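Chains as they are written, first to last, in the numbering used here: chain C, 1017 to 1320; chain F, 38 to 475.
Hints were generated in silico from the structure; no laboratory data involved.
Bear in mind the structure is a predicted one, so any value in this text is a computation, not a measurement.
Every clue listed holds true.
Chain F stretches covered by chain C per the calculated footprint, using a threshold of three residues with CB under 8 Å from any CB of chain C: (1) 145 to 152; (2) 363 to 375; (3) 379 to 392; (4) 402 to 416.
Heads up, the beta-carbon is just placed ideally off N, CA and C, and yes, glycines get one too.
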Amino acid sequence: MSMRITTLMSSSAMLRDLNDGMDRLTRLQDELSSGKQITRPSDDPYGASRAMSLRGELGGLDQYQRNVDDGTGWLNTSDTALGQVSNALQRVRELLVQGGSDTAGASARNAMADEIDQLTESVKQEADVQYGGRYVFSGTATNTQPYQLGGSDRYQGDAGTVTRAIGPQVEIPVNVDLHQLLGDGTGATDGKLLDTLRGISAHLRGGTPADADALRTTDLQSLDANLDTLDGIRADVGARTNRLAFAASRLGGLQTNATQLLSNTEDADMAQTITQYTTQQAAYNAALRSGANIVQSSLLDFLH
Amino acid sequence: MTSAFFGLQTSLRGLLAQQQAIDITGHNIANANTAGYSRQEAVLEPTRPYLIPANSINNGSGAQLGSGVDITAIRRIRDQFLDLQYRAQQMNLGDATARTTSLDQAELAFGEPGDDGIQAQLSRFWDAWSDVANAPENAGARSALVTTAQTLTSTFRAVSGQLTTVAQQAQDEYDAITGPSGDVANMASELAGLNRAIGDAVFRGQQPNDLMDRRDQLVDRLSQLAQVSVTDTGDSRWRIAFGGVTLVDPSTPAGYTWPQTLTTPGGKLGALLDLASPTGAPLTYRSQLDAVAADLVSRVNALHTSTPFFDPAGTTAATINVAVTSATVQTGSSGASGANDVAQAIAALRGGSTDQMYQALVAQVGTESQASVRAQATAQSLSDAVDSRRQSVAGVSLDEEMTNLMRFQRGYQASARTMTTMDDMLDTLVNRTGKVGL
Chain C
1017 MSMRITTLMS SSAMLRDLND GMDRLTRLQD ELSSGKQITR PSDDPYGASR AMSLRGELGG
1077 LDQYQRNVDD GTGWLNTSDT ALGQVSNALQ RVRELLVQGG SDTAGASARN AMADEIDQLT
1137 ESVKQEADVQ YGGRYVFSGT ATNTQPYQLG GSDRYQGDAG TVTRAIGPQV EIPVNVDLHQ
1197 LLGDGTGATD GKLLDTLRGI SAHLRGGTPA DADALRTTDL QSLDANLDTL DGIRADVGAR
1257 TNRLAFAASR LGGLQTNATQ LLSNTEDADM AQTITQYTTQ QAAYNAALRS GANIVQSSLL
1317 DFLH
Chain F
38 MTSAFFGLQT SLRGLLAQQQ AIDITGHNIA NANTAGYSRQ EAVLEPTRPY LIPANSINNG
98 SGAQLGSGVD ITAIRRIRDQ FLDLQYRAQQ MNLGDATART TSLDQAELAF GEPGDDGIQA
158 QLSRFWDAWS DVANAPENAG ARSALVTTAQ TLTSTFRAVS GQLTTVAQQA QDEYDAITGP
218 SGDVANMASE LAGLNRAIGD AVFRGQQPND LMDRRDQLVD RLSQLAQVSV TDTGDSRWRI
278 AFGGVTLVDP STPAGYTWPQ TLTTPGGKLG ALLDLASPTG APLTYRSQLD AVAADLVSRV
338 NALHTSTPFF DPAGTTAATI NVAVTSATVQ TGSSGASGAN DVAQAIAALR GGSTDQMYQA
398 LVAQVGTESQ ASVRAQATAQ SLSDAVDSRR QSVAGVSLDE EMTNLMRFQR GYQASARTMT
458 TMDDMLDTLV NRTGKVGL
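Pulled out of the complex, with its shape left as it was, chain F reads as follows (with noise of 0.2 Å):
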């Protein structure tokens, strides 16, 4: 048989229970906006039967008593394969974002279509050259000719180097990012700062559910930046793969490794360090920028045969300037005051190869820069359908709390009306037995 006051232990673990349920309901609760908090759950089982030996009195049989109820494990609701689908997304999402930004601020560079593009400049050097053959005697006409020549070059420069401090912005991110004190050196160091705790708190037995909730959206941010790819080592702890090299090790002192040089960062970092490569499309650009100034030059020149009309040493859009003045300025081959064929011939420049090249240039940074768009479009979106399928298991929904709660209220409330019914029941036994005829 058991204790009489088997009943009151069954009911205070019931309420024990429940209580624990409701506290983590209301971390949960409190939780629901945290972003990277995966929703927990008290897992409730029956406790270890009590085992009547002869609880039969007609046949002897054994039996097992049930004894209440244990919270064994609070556990973290999360699917650790769409964090994998979450965090190959993020690498895309990062490229394409790192790219997109850059493409956007090469594509303000060029400032077209609009009155100050190279352009609307091209457009009115020509026309100098015209009124300059329309009036090859007046010198009016040549200064405004030369000034005009020398605010076309000044914006050759400028648009040059904007698009060279675009590669070199790139270049400076990369540096911060992954500098001495720069996003990947604090993540691997907190990285391995938690799986000392991690793996500390699991075999002591416990789980700890908000470090790993730390360590997982640590490591979402970091696959934005490269490929990142998490082998558990079998103790909770995990190893990190950042960009082809090994970032965070728990077998090392240190428990992480920066800086290193990434063989294949992907990602944030490989979008970047492409921007910045003479390769990348921000000095691709600059270069095809080059040989536009340099058809200018070779094409105007060819014509202005007396003195070069710009420097024939300057071939770059950076290097491109003016080498004439007002008063060697050649207006024709003759000499003569009036004489107009090299103006004429130098306006009939006007829509040819160099503004072909120029156009097929801006027509070439629009195109790339609206696949960036589109790209970091379609990355933005179906990261967010990835995103959405993992909150879908691991995020807080306050009605499912709100029901929960109700239901660990309600269990309390019963196991305390069993607790109070054991109360009775003693209280008839203690003091109300024995009293016969008293």
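Pulled out of the complex, with its shape left as it was, chain C reads as follows (with noise of 0.2 Å):
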């Protein structure tokens, strides 16, 4: 024997039925109106640890890219100042050549060291420089100015290493060392780029023979020793430089593949939606209809 079905049963199973289709409607719906396929965790628990773990990594890619931009700054700021202390030293050189020679007289001698004397204090200036407010030739005393424009030539900076991290467990050093370039001046005898120059300048202003045998031996040597340690830190200021660049487009291919994945795992594909909420509410209007005439007709429609 069949099944009976009273009249409720038949009301409620479709009542049942069009708020199953009704619900269904409405999560394609958040689904479409939200771009989202999962909105809470429980709409899919793994995709849903996935896209916060994508997330966090995504969070940090853009932080390390953040990262290399500062520490690109940084790098270029100290470039331009290294540049400027290259072309003061070319300039030195000239009057290094032209002072040594036994033709120059006194007054010109004493005019190329004050030339010297101010090119020496340019080349502190560009020590000075800064970068978002912070002396970039300080080490980590970044609040120091390095060397007092017009007085000691103490370096005032300390040792310390100034760092930028570009990826996980990555730190690239971001500040160059002047201080082994320029050292502590005259006092120090250090032989480095400040002694060197006032000894020149001193060397000119003196002008007895030994003075002018330092200035074609000693003193150039010194310079050119000077220079190339110069420029060995420009090429590796330069090194740094690329190396910061390279990490900023391998940044930018992780960025995008972290957010391809994100996008794939919690966004909504929408062809597949617009298709399921279609069909959804196709079914729906079906059940609809044809509730709408199961619950009107009974025996009774057709007794007179």
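Two chains, two frames, a set of hints: combine them into the complex.
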């Protein structure tokens, strides 16, 4: 015997089906309007945790990208300053060669010494260059001016290394130890740049044969040695700038990947969702139409 | 021989029985949409036959002449076995529904995946440390870090508080249902009253169909709350066990005993008790969140050595707190303005154990919530299926009632026609006989 179907059964079954249909429609509508297939962890627990982890990774990549930008800015500032120092030293070298020749008179040598003093100050000024309000050549003592203009040639900063994180566990130093090039000036007799420049200036003003001799020999050698050091430092800065540029493009690629993965994980597939939505809507409409017919009719409609 | 009026009486019985059957059909139609109503049916039986001792003139043998119809009972159509199945499913459904509601709230408390959840706040916290590492001498970056950290800790505290509330709500709901004027007390009291009324009616030989429907409906509702079992005491009164204790007992003066401590609750009450307990889902999530907070505190503080970054005493999600100000944030171990090794090391904690523990927790919450939604859907469809079968037996079908209505109406018409025939016969006998030649 077939199952006895009562009035309440057919109407409650229809209501249940309509509710289910409406529920599915609402879910799909949510997906369409939010563009996400995961709006809460229970929608897809594995997907949700993967999305969270990808989002964290993406946040990290964005941050590394910002770190790279900051480091690049720091190195560019350093490179410009070092370029200026290099120009100044070329001029010093020209003056040194002129001043070392016997033809130069005392007044000409004094004028050269004055210019060299000015160039020395400009070298110190370049060493005091700032990036974002920080002294880039002060080691980690970034609030301390490394060389005082018009004052002592003693280095005021420290030997600390400033680093930027450009990846997980990857840190790159962005500062240059300019102290190893410039040194601490005359008193230190360290043969570094400031000591050499002060020596050249003194020898030019001195005018004795020994001074002239020094200008031609030790001073020139010392200046050339310092120029070599400077070139080494500039090459290093250039290499690090390249490394940062490479890191930036690699981070960009990783960002694209992570964004793509995140989108695949949590974004709704629009074409699929719209198709499902249309199908569900057709099913829902059919349920409504048949429901209206089922609930209305009974034997009552045909008795007179 | 029978009396000349015998046929009138037979027709009258027919009329009365058909009329009552129509009344019953009317009652069924009127209750077609009443929840818990079981359709009723008139049990029609031929009345005791009239004994004619020597019916046959030829052989003198007797006969039994039918004397009409009688409604011997108004039967309630219901399958007790389906009731048992239905109540077992209702208990599962009550359990699953309570869990789903609670887990849904717990899941919402986390607010993941979203911009305001702990994951997003953690990410911003690491970002803020990186910003400090990029500009250790900048007081603005440090104060932004402190603000971000405070937002993070207050989010931890808020989520922890919400999880506590979810557990508390389960306890409150349990207390409300089992309280002095709660659902259980009200239903038990009404069931005791129904037991008395049904017992009295049955004692008088009646079948109190509508009272029994009401009693069945109450037991259905009770079965959502906890494990229910029903024993008939032999006089149609019920002894009802509820969650392992005897709730309704006709032999006691009050007819029911409440409040009591349930030994094996099951159902919604069992689920609520479980959810409110320290081992229930909301508080388990909270203690796992505590572990995430403790991990964050210990890892950051281990690197931030000058002074604890987070209050070392606050190692739960409810008590985690920022202990530094923008002036006491440590950026580097040397103390130089540009030293950033500490900030770098803390920023490198990004994606580490704290994030992973938290992500695992959210995945667990999601999985359990999803499982509870599925369990509830299963319980609902099983319950619907049994209810459908029960409705198939006990529910009112208007088509059927309409057919019955026609049937009984025709029966009534035919009985009336028989009566008219009898009347015509008597008219012939009384008014037309003995008039020959008049």
